[in-house]
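Based on the provided sequences and hints, a complete structural model is requested.
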Amino acid sequence: MVHQYKNNGFNIVLDTNSGAVHVADDVVYDVIALFNRQKTEAQIQAELAPVYGERETADALRECRELKEAGQLFTEDIYEDAILDFKKRQTVVKALCLHIAHDCNLACRYCFAQEGEYHGRRALMSYDVGKKALDFLIANSGNRRNLEVDFFGGEPLMNWQVVKDLVAYGREQEKIHNKNFRFTLTTNGVLLNEEVMEFCNREMANVVLSIDGRPEIHDRMRPFRNGKGSYSLILPKFRKFAESRGQSRYYVRGTFTRHNLDFCEDVLHLADLGFRQISIEPVVAAQNEDYALREEDIPYICDQYDRLAREMIRREKAGNGFTFFHFMVDLTGGPCVYKRLSGCGSGTEYLAVTPWGDLYPCHQFVGREEFLMGNVDEGVKRADICDQFKNCNVYTKEKCKKCFARFYCSGGCAANSYQFHATINDA
Amino acid sequence: MKHIKTLNTKNLQNTLKKGGCGECQTSCQSACKTSCTVGNQSCENRKQSF
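Line order of the protein sequences matches chains A and B.
So the first sequence is residues 222 to 648, counted in my numbering.
So the second sequence is residues 25 to 74, counted in my numbering.
Any given hint could turn out to be false.
As the list claims (entries may be wrong) - Under the rule of at most 20 Å between Cα atoms (straight-line distance), these lysine to any residue pairs were calculated in the SDA-like manner:
(1) B/K42 x A/L305
(2) B/K34 x A/V244
(3) A/K353 x A/G600
(4) B/K42 x A/A303
(5) A/K289 x B/L31
(6) B/K29 x A/V550
FYI, nobody ran anything at the bench for these hints, they're computed from the structure.
As the structure is a computational prediction, the values presented were derived from the model and not from experiment.
Take a look at the structure:
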């Protein structure tokens, strides 16, 4: 399968199954398009020679042939059997999302966790439950050395002492069990202070700082419970935090909605403020919400991404470039095909833990009782839920089988699929 | 080649034999938390990376 498109003056050809990315001139671009329509070399020669000349067309055909022989163009999908076997393997748990606080000091309008409460009650995780969660992770991680623990909420800084105590416990346990804990924290910044920053800079492999961009955009969707905007309170703290981490190992992470389809402006606003690690992502929302993105918005959104790409290139050349999370692709490496096809690991390698120790496939399923998998005392009791997630991959999703992007999104988010289609096996 | 420039020379198919160690980061922990972004993750084991 080959995907081709023109952008920013370049003809790009992606060979899906090998991962090869080619920049082609017009004649090759047209040759490949005709190959895609099942035309033979003779037919292509006849069709394009009047446009590009006999020799150029023949040259282009020869170069395409060489790439095919080198396994970089029109390669076959040889992964399906391998990935099905791979998915049958015994999995281990390597990452936990700890819901350290089911409570929040903001009332963000698009919050999937209903202001931190996840369809339930407000609660803070105790040190005891957190310890059991880390013990569960170590016990179920097999030979995996790198273990990830995200302190999530609600707002985790509302239960900060427990976060610190759990980091200390993890550091103690990793030595005993030959593990390496990578702690991360996701925060809205309201309670951020010097002490938190200093601790995070020492202990957290990454921090995710929630900010949506321009002040009016941020304040509209991320107010306090009294309706007042939070931008002016958090911005100086986030700037200081990012600087104190050397502008690395963090993301300012925002959400764009139908209210700011021109989200490129928000990305650039954050870049202008000095942030160098930026992630602004589309809202996931029920269609009846006024801020939900609609099908008809897609062309405009695509144009925004193109605009952003052009501006990022310009800034990079000018020496003030920045990283945009969804544009990151490592063309010289990146994940192996197993990682690319097995997806995010929710329900198998990655689980979420509620303040009272219940286990769910991921943070987005918390509160949906049909996905309650077990708890930190007894471990996973519902192996059937685990199997359901284990068997979910791009070959079990009809829409993905013929999609050029399947090696990049891995079939998309199971929680989003469940929200929109009532099954995790859709996209 | 005169007409085509290939930006990456590694082949994803080669990782079929060498990949799958599983030490890589869980994608949702990275930054997004609401979308599955796997293609931009990095490989923990460069020898097994494609």
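**OP:** Would you mind confirming whether the straight-line C-alpha gap from A/K289 to B/L31 stays at or under 20 Å?
**Re:** 16 Å, holds
Original post:
Under the criterion that the straight-line Cα-Cα distance not exceed 20 Å, is the pair B/K34, A/V244 satisfied?
Top reply: 16 Å, holds
Original post:
Quick one, are B/K42 and A/A303 close enough, alpha carbons at most 20 Å?
Top reply: 12 Å, holds
Original post:
Under the criterion that the straight-line Cα-Cα distance not exceed 20 Å, is the pair B/K29, A/V550 satisfied?
Top reply: Answer holds: B/K29 to A/V550 is near 18 Å, not above 20 Å.
Subject >> 20 Å Cα cutoff - pair B/K42, A/L305 >> reply: 16 Å, holds
**OP:** Quickly compare the C-alpha distance for A/K353 and A/G600 to 20 Å and report which way the hint goes.
**Re:** 10 Å, holds
When the structure is compared with the earlier hints, no violation turns up for any of them.
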